[in-house]
Structures are given as C-alpha cells and as structure tokens.
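Undergrad: If you read the sequences in order, they're chains A and B. Quick note: the first sequence uses the working numbering, first residue 1, plus one each step. Quick note: the second sequence uses the working numbering, first residue 1001, plus one each step.
Hints listed in this document are in silico derivations from the structure and should not be mistaken for laboratory results. Treat the hints with care, since some could be wrong.
Derived, one-sided and incomplete: chain B residues facing chain A with beta-carbon distance under 10 Å [said to hold, decoys possible]:
hint: 1; residue: LYS1043
hint: 2; residue: TRP1047
hint: 3; residue: LYS1146
hint: 4; residue: LEU1147
hint: 5; residue: LYS1148
hint: 6; residue: ALA1171
Distance ranges between label pairs, derived from CB positions [as the list claims (entries may be wrong)]:
hint: 7; chain 1: A; residue 1: HIS79; chain 2: B; residue 2: LEU1049; range: 47 to 55 Å
hint: 8; chain 1: B; residue 1: ARG1082; chain 2: A; residue 2: ILE37; range: 47 to 55 Å
hint: 9; chain 1: B; residue 1: LYS1175; chain 2: A; residue 2: ARG154; range: 45 to 53 Å
hint: 10; chain 1: A; residue 1: VAL118; chain 2: B; residue 2: ALA1109; range: 32 to 40 Å
hint: 11; chain 1: B; residue 1: MET1153; chain 2: A; residue 2: VAL118; range: 34 to 42 Å
hint: 12; chain 1: A; residue 1: PHE121; chain 2: B; residue 2: GLY1110; range: 57 to 65 Å
hint: 13; chain 1: A; residue 1: ARG112; chain 2: B; residue 2: ARG1112; range: 48 to 56 Å
hint: 14; chain 1: A; residue 1: ILE37; chain 2: B; residue 2: PRO1051; range: 52 to 60 Å
hint: 15; chain 1: A; residue 1: ARG161; chain 2: B; residue 2: MET1153; range: 54 to 62 Å
hint: 16; chain 1: B; residue 1: ARG1112; chain 2: A; residue 2: HIS79; range: 44 to 52 Å
hint: 17; chain 1: A; residue 1: PHE122; chain 2: B; residue 2: MET1063; range: 52 to 60 Å
Below 25 Å or equal to it, Euclidean Cα-Cα: the simulated DSS-like pairs (lysine-lysine) are [as the list claims (entries may be wrong)]:
hint: 18; chain 1: A; residue 1: LYS363; chain 2: A; residue 2: LYS285
hint: 19; chain 1: A; residue 1: LYS288; chain 2: A; residue 2: LYS363
hint: 20; chain 1: A; residue 1: LYS139; chain 2: B; residue 2: LYS1175
hint: 21; chain 1: B; residue 1: LYS1117; chain 2: B; residue 2: LYS1146
hint: 22; chain 1: A; residue 1: LYS329; chain 2: A; residue 2: LYS250
hint: 23; chain 1: A; residue 1: LYS139; chain 2: B; residue 2: LYS1043
hint: 24; chain 1: B; residue 1: LYS1175; chain 2: B; residue 2: LYS1043
hint: 25; chain 1: B; residue 1: LYS1117; chain 2: A; residue 2: LYS139
hint: 26; chain 1: B; residue 1: LYS1146; chain 2: B; residue 2: LYS1043
hint: 27; chain 1: B; residue 1: LYS1169; chain 2: A; residue 2: LYS363
hint: 28; chain 1: A; residue 1: LYS250; chain 2: A; residue 2: LYS285
hint: 29; chain 1: A; residue 1: LYS44; chain 2: A; residue 2: LYS12
C-beta atoms are modelled at their ideal positions from N, C-alpha and C, and glycine is treated no differently.
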Amino acid sequence: MTAFNNISIRNKLVLMQVFTSALVLGIFATFYIITEIQNYKNRKAKDVQSIAAVVAQNSASSLQFQDNQAAQATLAELHAVSPDVVYSAILDQDHHVFASVGRAGSDTALFREYRNSVGAFFSAGTLIVVRTISNNTDKIGSIYLQVRLNELARMRSYLFRLAMVLSGIAVLAAFLISFVLQTYISSRLLALVRTMRRVGDTGDYTLTLADEGTDEISVLISVFNSLLLQIRENERRKDEFIGVASHELKTPLTNVKGYLEILRSMEERNPQRQLVDRAFLNAGKLEKLIEDLLDVTKIQTGQMQLNLTEFDFDELVSETIASAQMLSKDRPIVFEAKAARQVRADRQRIEQVLANLLSNAVKYSTDGKPIVVTAVATGGDIIVEVADQGEGVPAGEENAIFGRFYRAKGVSQHISGFGLGLYICRDIIQRHRGRIWVRNREDGASFLFQLPIAGPDFKQQHSSTKSSM
Amino acid sequence: MKKLVAYAIIIVALLTGFGIPAAAQGEDLETNLKAAFLYNFTKYIDWQLGPDDAQFVIGVVGMSEVERALEQIARTSTVNGRRIVVRHIDRLEEIGGCQLLFIARDRRAGLREILSKVNRGEIAVAEENGAAREGAGFNFVLAGEKLKFEANMRALSSSGLKVSSQLLKLAIIVKK
Chain A
1 MTAFNNISIR
11 NKLVLMQVFT
21 SALVLGIFAT
31 FYIITEIQNY
41 KNRKAKDVQS
51 IAAVVAQNSA
61 SSLQFQDNQA
71 AQATLAELHA
81 VSPDVVYSAI
91 LDQDHHVFAS
101 VGRAGSDTAL
111 FREYRNSVGA
121 FFSAGTLIVV
131 RTISNNTDKI
141 GSIYLQVRLN
151 ELARMRSYLF
161 RLAMVLSGIA
171 VLAAFLISFV
181 LQTYISSRLL
191 ALVRTMRRVG
201 DTGDYTLTLA
211 DEGTDEISVL
221 ISVFNSLLLQ
231 IRENERRKDE
241 FIGVASHELK
251 TPLTNVKGYL
261 EILRSMEERN
271 PQRQLVDRAF
281 LNAGKLEKLI
291 EDLLDVTKIQ
301 TGQMQLNLTE
311 FDFDELVSET
321 IASAQMLSKD
331 RPIVFEAKAA
341 RQVRADRQRI
351 EQVLANLLSN
361 AVKYSTDGKP
371 IVVTAVATGG
381 DIIVEVADQG
391 EGVPAGEENA
401 IFGRFYRAKG
411 VSQHISGFGL
421 GLYICRDIIQ
431 RHRGRIWVRN
441 REDGASFLFQ
451 LPIAGPDFKQ
461 QHSSTKSSM
Chain B
1001 MKKLVAYAII
1011 IVALLTGFGI
1021 PAAAQGEDLE
1031 TNLKAAFLYN
1041 FTKYIDWQLG
1051 PDDAQFVIGV
1061 VGMSEVERAL
1071 EQIARTSTVN
1081 GRRIVVRHID
1091 RLEEIGGCQL
1101 LFIARDRRAG
1111 LREILSKVNR
1121 GEIAVAEENG
1131 AAREGAGFNF
1141 VLAGEKLKFE
1151 ANMRALSSSG
1161 LKVSSQLLKL
1171 AIIVKK
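Isolated chain A, as found in the complex (with noise of 0.2 Å):
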C-alpha cells in the first residue's frame, strides 16, 4: 500500500510537469504555426500585390489604346514567370473583361465574387488579388489575379509536424526531468515511510531520519522526528512510573505477605485458615505482578542479568509443572519427552519463563484438556514445546504476542494479566541466545524455546542469526 501511494504521487509528480509543459509547448507551437501562416500569407499577398502593380503599369496603356492583345501578352508572360498563378484578367473601367490568361483551376464563382472589390483576399487555399489601373489618377481598369497557395497546404504540414517533432521531444524531455527530479521528493518520502514502518514494527523509537533541507518534506521529517523524541520522553516517563510504582508497591506488599505468613503459621481453625491461604495465595499473585514489573523495567533499562549455573533440565520443567499444576488441578499437566541433559543457563529465569508458558497455556485452555510439554535435546540446543488445546493465536500476530503489554483481541475480557509475560519470557531466551516462537496447531497452539545447552556464551554465532527472528 505505501508502495502503491509512492508510485503514485511520482505518476502525478510526472504526470503534472509533462501535462504542464506539453500545455504550454501547444500553446506555443499554435501560437508560432498561427503567426508562421499568417506571414506567409501576408508576404504572399504583398508579393501578388506588388506583381499586379507591375502589371497594371504595364497593361494602362494597353487599355487605353485598346489593345487587349498586348495586355494579354502581358498576361501570358506573367503566367509564365509565376506558375502558381491561376488565372489572370484585365478588367475595364466598366468591370468587363478586357484580357484574360486562364488556366485549368480558375475558379469562375471566386472570379464572380472579387471582380468588383479591390485588395486581397483569402479563399480556401486561394490567393485573389484585385488591383486599380490608374493613369495618373484617372482609373481606367483593374487587374484580377487569382493565385493558388499550393505552398501553403506544405507550410501547414511541414510546420504541423515540425511542432509536433519539436513537442514531443521536449515533452519526452519534460518527463525525464521530471522523472529525474521526481525521485529527490519520492525518494525522501519512501524513506520516511520506511522508517515509519520500521518504528512500527519494532517498536523502536530511537530511529530518526536525517534530512537537511526547508521544503514540506523536511517539515514532515522533522514534525515525524519530534513526534518520536515526544514518545520516547513518554516510554522513558512511563518505565521510570512504573519502575518507582512497581518499587514502591512491593516493599509493603512484601510486609503484607510475611505478615500473613506468621498469620497462616498461628492459625489452624477453619474457616480463619482457608481466608488466610486465599490472602495469602491472592498476595503471591499481586507479588508476581509486580515482579513482572519490576523485570520489565530491569529490561528497559539494561539491569537484567542472568545468574548462570549447570543444572539438570528435566528436574527444572519436573519443578515448574508441579507447581504449575498446584494451581490448576483440572488442567493436567504432562511432561512427555525428556531431554535428559545438564544445561547451564540462569536457573531461575528459565524456571519464570516454563511457568509464564505453561500459566498462559493454562489461562487459554479448556478444562479437561491436557497440556503437553516436551524437551527435546538436537545438537548442541534444547527444544521445549508447551502445547495447549485452546483457540490458538491470531494469524498475524505471532509476533506481537511477544510485545510490551501485547493482550490477545477478544479474549482479554476474561483473561487477567499485564501482557508481560511472553515479552519477559522473549528477553529472557534472547540474553541465553535461544529463541522462542508459537505455532499454530490444528487443536491449539505450541510455544516453544530452544536453548543453547553449553550456555549464551558458547553459541555466539548460531544464536546472533535466530533471534533476530
């Protein structure tokens, strides 16, 4: 789609500069074969003009001494130095034809129309000039001379495609400009709809464009810049709130819990001892909530550390599920295949990212369906899947789940939480060079996290590659 608009506002780009200038070329080149024809045809009519006056000077005395067969010689020696003359008379004072040289073409109905004004006319590619034969001042006759303007249908056509020549070169020009200079204002848009794209996808708003220059688009860049510095002035506000927040929240709460643990020691009656466990149980929830907090913030601000140790695998996912399953006896657990390996990475976050996994597989499932986990050793990697049978992720959004406070749509109405998990559980694979991912099932969906057995620090060129994915 942004593609689509890119290579459309440069068609329009080109598209205006060529219909611009191919505007202003017809104008021009109409203007210009106007003008060129309208010489022509006054340099034409000055000529016949100026050859009928040398004519009626030497035809006066024909007329007055009636000698109509020297004004024809006269007449045939005219027709022979100007072939282009059609037809050619000398006319009495009475208008009557005195002499005349015609030849096939004549037009008698023109002939008829003119004989009696005087001057130049134009009539459908024919040139008719009538001019007074005057003896001193006495007028004594005219001269009639018909020319047929073969040269102008030529002039037309050839000045008719010189301008078309001429106007689609410079259109053809017009556009390579265009298309050449096109790219300085497309260009910085698509990079700005790159970049706008990526911030999109990844969240990342330390991306800035650069862009020197006054026009519109630097305006765009820099409003789109400021627009970033704002978010991350926000993102930066809102990790320091929930970093103090989250803080602050668990020092008392940690008070609260220790308190109802003495509590829960001295109590053995009923009911005082189930509303106590419930607390108690409610307040662990609350401390997890707030760890996760406290994780994200550790996140944000590069606090995180893994703690690393050798440990054996199995007995880890074994732990995670038993108390996995103390909180959902109607939702079986299995632990299927085992990898039966010694792993050295940071115990206790692997331990936080199977119980995030197998809480949400608990949180997505339905009742009665058993949850399958498996760790399976390949090469140098440990593969673990926890399968639920619930509705599965969104197609499209096997990424996203992975996001900063990312809650499935729909399904969040029923579903407590942050939507910080999977954005911790990612973090936390990611520092021990592993990866994690979903996959879609046709009766539900599969998380899996594949691990480097020797530890982050061994897998340096393997990992880089996958988890960038």
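Using the hints provided, position chain B relative to the given structure of chain A.
TA: For chain B alone, coordinates are given in the frame of chain A:
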C-alpha cells in the same frame, strides 16, 4: 454643372470605351477614337515643357471631324496640368508652335511639305496608309476592325522627345 458632368462621362466613356470594333460603329466612332488616342499619346511622351509653356497646343492641319472631338476633350482635360488648345492650321507658315500636329486625310498630297515644317519638340500624327513611312511620327491605321497606329522611330527620335516604351510596345514600328 450637370452638363459638364454629363460631358465628362461621355468623354471618359469614349476614352476608354473598349471592346467595340471601330469600323463597326462607323465614321463617328473612329473620329472620336482618334481624338482619344491623340490625347492619350500626350500621356506617354515627355514633352519637356518649360515654365513658359502655359498651354499645350494641338494643331490640326486640314479639315477633319477629329478637330471637333479634340475640342471637346480640351474642354475637360489637361496635359501635365496645362490647358489644351486646339489650333486649326490652313497655311504651312502656321505650323510652328504646336506640340502635337494632326494631319488630316485631305492633306495627304502635301504631306512631305507639311512634315518638313515640323520642328524639334513637335510630333506629327497622320491618318493615311504609308504616312509613317514618309516621316510622320505616328500614323493611324486600321488593322482588321481595330484602330492601331504606326510609329516611325527615326521621326520620333529626331523630334528629340522621349516616347514611353509602354506606348511603343503597342505601336506597329516602321523603320525608315
């Protein structure tokens, strides 16, 4: 005034009344045409008129109706802005002082004598076959039904006057 306009129309019509064969219209038309031609000759000749010449004199030798037609033209027309005077000449001594001299048909017999009296600056016009050959500057002849004129180049050049080629191209040139 009305009369004058009517005359003018008649004369202009006569001067330029073309396409009508002269002979077909009889003696009257021929006479008028000759008078018109005589007047038209004056337009194609550089008369070298001095400031003293207040008038342009056309002499008519012998008896001819042309004289009457010329007088009519003289009433309304000028030559180079000068009044036209038509002078009747009976005796040879009276010949001098004319610019254009018309020798009527009845003086054919004494033609040579008359021509010998023509001075420089004067041009004689006759109306008889062979007159040009005998030394008249111009001579009216009938070619078929049309009135034409001969021009004697030697006579014209000895007059010392410049005759326009526009006029000469219409003339039948006689060399002698």
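Undergrad: Need the status of pair B/LYS1117, B/LYS1146: alpha-carbon distance at most 25 Å?
TA: At roughly 31 Å apart (the allowed maximum being 25 Å), B/LYS1146 and B/LYS1117 break the hint.
Undergrad: When the nearest CB of chain A is found for B/ALA1171, is that gap smaller than 10 Å?
TA: With Cβ-Cβ at 9 Å, under 10 Å, it holds.
Undergrad: Need the status of pair B/LYS1117, A/LYS139: alpha-carbon distance at most 25 Å?
TA: violated, 37 Å
Undergrad: Taking the least C-beta to C-beta distance, is B/LYS1043 closer than 10 Å to chain A?
TA: This hint holds: B/LYS1043 lies near chain A, its Cβ roughly 6 Å from the closest one there, short of 10 Å.
Undergrad: For the pair supplied as a hint, A/LYS139 and B/LYS1175, confirm whether the alpha-carbon distance does not exceed 25 Å.
TA: Roughly 34 Å separates the two Cα atoms, so the pair is violated.
Undergrad: Regarding A/ARG112 and B/ARG1112, is the given constraint of 48 to 56 Å on their beta-carbon distance met?
TA: holds, 55 Å
Undergrad: Could you grab the alpha-carbon distance between B/LYS1175 and B/LYS1043 and see if it respects the 25 Å cut-off?
TA: holds, 23 Å
Undergrad: Given the hint of 54 to 62 Å, is the C-beta distance from A/ARG161 to B/MET1153 inside that range or not?
TA: holds, 59 Å
Undergrad: Given the hinted pair A/LYS329 and A/LYS250, is their alpha-carbon gap at most 25 Å?
TA: violated, 29 Å
Undergrad: Is it true that the C-beta distance of B/ARG1112 to A/HIS79 lies inside 44 to 52 Å, as the hint says?
TA: About 46 Å separates the Cβ atoms of B/ARG1112 and A/HIS79, which means 44 to 52 Å holds.
Undergrad: Does the Cβ distance between B/MET1153 and A/VAL118 fall inside 34 to 42 Å?
TA: Given a distance of about 38 Å, which is inside 34 to 42 Å, the answer is holds.
Undergrad: A range of 47 to 55 Å was offered for this pair. Does it hold for the Cβ distance of A/HIS79 and B/LEU1049?
TA: violated, 39 Å
In this structure, the hints that do not hold are numbers 2, 7, 10, 20, 21, 22, 25, 27, 29, in rising order.
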